[in-house]
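Q: Each chain is listed here by its residues.
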Amino acid sequence: SAVISQKPSRDICQRGTSLTIQCQVDSQVTMMFWYRQQPGQSLTLIATANQGSEATYESGFVIDKFPISRPNLTFSTLTVSNMSPEDSSIYLCSVEGLAGDYEQYFGPGTRLTVT
Amino acid sequence: QKEVEQDPGPLSVPEGAIVSLNCTYSNSAFQYFMWYRQYSRKGPELLMYTYSSGNKEDGRFTAQVDKSSKYISLFIRDSQPSDSATYLCACFPIYNQGGKLIFGQGTELSVKP
Chain A
1402 SAVISQKPSR DICQRGTSLT IQCQVDSQVT MMFWYRQQPG QSLTLIATAN
1452 QGSEATYESG FVIDKFPISR PNLTFSTLTV SNMSPEDSSI YLCSVEGLAG
1502 DYEQYFGPGT RLTVT
Chain B
101 QKEVEQDPGP LSVPEGAIVS LNCTYSNSAF QYFMWYRQYS RKGPELLMYT
151 YSSGNKEDGR FTAQVDKSSK YISLFIRDSQ PSDSATYLCA CFPIYNQGGK
201 LIFGQGTELS VKP
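The listed protein sequences correspond, in order, to chains A and B. Start counting at 1 in the first sequence, then tack on 1401, and there's your number in the working numbering. Start counting at 1 in the second sequence, then tack on 100, and there's your number in the working numbering.
These are calculated hints, taken from the structure and not from any lab test. It should be emphasised that the depicted structure is a prediction, and the values quoted were computed from it without experimental measurement. Some clues are possibly wrong.
[What the hints assert, rightly or not] The following residues of chain B were derived to be distant from chain A, with all beta-carbon distances above 12 angstroms:
1) Leu111
2) Ser112
3) Asn122
4) Asn127
5) Tyr132
6) Gln138
7) Glu145
8) Gln164
9) Phe175
10) Asp183
11) Gly199
12) Lys200
13) Ser210
14) Val211
[Stated by the list, open to error] For each label pair, taking beta carbons as the anchor points, the in silico distance ranges come out as:
15) A:Ser1410 with B:Pro181: 20 to 30 angstroms
16) A:Ser1410 with B:Ser182: 14 to 24 angstroms
17) A:Gly1498 with B:Glu103: 38 to 48 angstroms
18) A:Ser1419 with B:Asp178: 24 to 34 angstroms
19) B:Lys156 with A:Thr1445: 24 to 34 angstroms
20) B:Glu145 with A:Val1463: 35 to 45 angstroms
21) A:Gly1498 with B:Ser140: 21 to 31 angstroms
22) A:Ser1428 with B:Ser210: 27 to 37 angstroms
23) B:Tyr171 with A:Lys1408: 35 to 45 angstroms
24) B:Arg141 with A:Gln1423: 12 to 22 angstroms
25) A:Ser1402 with B:Ser182: 28 to 38 angstroms
26) B:Pro114 with A:Phe1476: 38 to 48 angstroms
Here a beta-carbon is modelled for each residue, glycine too, at the ideal position from N, C-alpha and C.
Please work from the sequences and hints to get the whole structure.
A: Written out as structure tokens, the structure reads:
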């Protein structure tokens, strides 16, 4: 499986500001995914990021709030814009495995607290 | 109704017990089924994945899928305190136009020494 790192691991931010989360993979992958995990909740897919194309957002998530970049096959960023306390969550990136069985491997997550 | 339902627990067992973790799902298009383990303040770690119905075993872990009843299970034999974590089931559908991984809420497991 791929080794995935995320920066920052955690942050405390003021409302109204933005935070960019980085996701780095140690191998080239076609698809990268961004999830949100709110306290006590399961994982919710925010968007799918393919290299060279616009990210595809799930219902309830919009590009203005969560802009995503995918400049190459090993890196992606997710920005949480104009933050409010409701954005306090863990943000996770993931990639598909090589077995082709739709399994995904996750990074360690970024724990965001908005005050 | 959520597409994937999972009892959030918490579930507490003594060391050495057999643990049974379960999920039900409603979407007949789900074909791939996964179990993740998530330690506190860590990302989910893929434990096992299976395709369609049947059993799959890996060491102390056995994943079981019963598509007729839309029921998936993870069994942990000889449970250890290090197994204490939240366990998430996830399902992936097969559609012509692709799909996405749908997660259960997660079951918090505590194995007491």
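Q: Report holds if the minimum CB distance from B:Gln138 to chain A is greater than 12 angstroms, and violated otherwise.
A: Not fine: 9 angstroms to the nearest Cβ puts B:Gln138 too close to chain A.
Q: Would you check whether the claim that B:Ser112 is not at the interface survives, using Cβ distances to chain A and the 12 angstroms cut-off?
A: With a cut-off of 12 angstroms, B:Ser112 remains clear of chain A, as the shortest Cβ separation is near 18 angstroms.
Q: Is it correct that the beta-carbon of B:Asp183 has no partner in chain A closer than or equal to 12 angstroms?
A: Answer for B:Asp183: holds, closest chain A Cβ roughly 19 angstroms.
Q: Compute the least Cβ-Cβ separation between B:Tyr132 and chain A, then decide whether it is above 12 angstroms.
A: 5 angstroms, violated
Q: Does B:Asn127 sit more than 12 angstroms from chain A, CB to CB?
A: At about 14 angstroms from chain A, B:Asn127 clears the 12 angstroms cut-off, so the statement holds.
Q: Quick check for students: does the CB of B:Glu145 sit more than 12 angstroms from each CB in chain A?
A: 7 angstroms, violated
Q: Is it true that the C-beta distance of A:Ser1410 to B:Ser182 lies inside 14 to 24 angstroms, as the hint says?
A: Given about 22 angstroms between the Cβ atoms, the range holds.
Q: Range first: 38 to 48 angstroms. Now tell me if the beta carbons of A:Gly1498 and B:Glu103 are that far apart.
A: 22 angstroms, violated
Q: Checking the smallest CB distance to chain A, is B:Gln164 really beyond 12 angstroms?
A: 17 angstroms, holds
Q: Can the suggested window of 24 to 34 angstroms be confirmed for the beta-carbon pair A:Ser1419 and B:Asp178?
A: 48 angstroms, violated
Q: Does the hinted range 35 to 45 angstroms hold for B:Tyr171 and A:Lys1408 at CB?
A: 40 angstroms, holds
Q: Please check whether B:Arg141 and A:Gln1423 have a Cβ separation lying inside 12 to 22 angstroms.
A: 19 angstroms, holds
When each numbered hint is compared with the structure, violations occur for hints 5, 6, 7, 11, 12, 17, 18, 20, 25.
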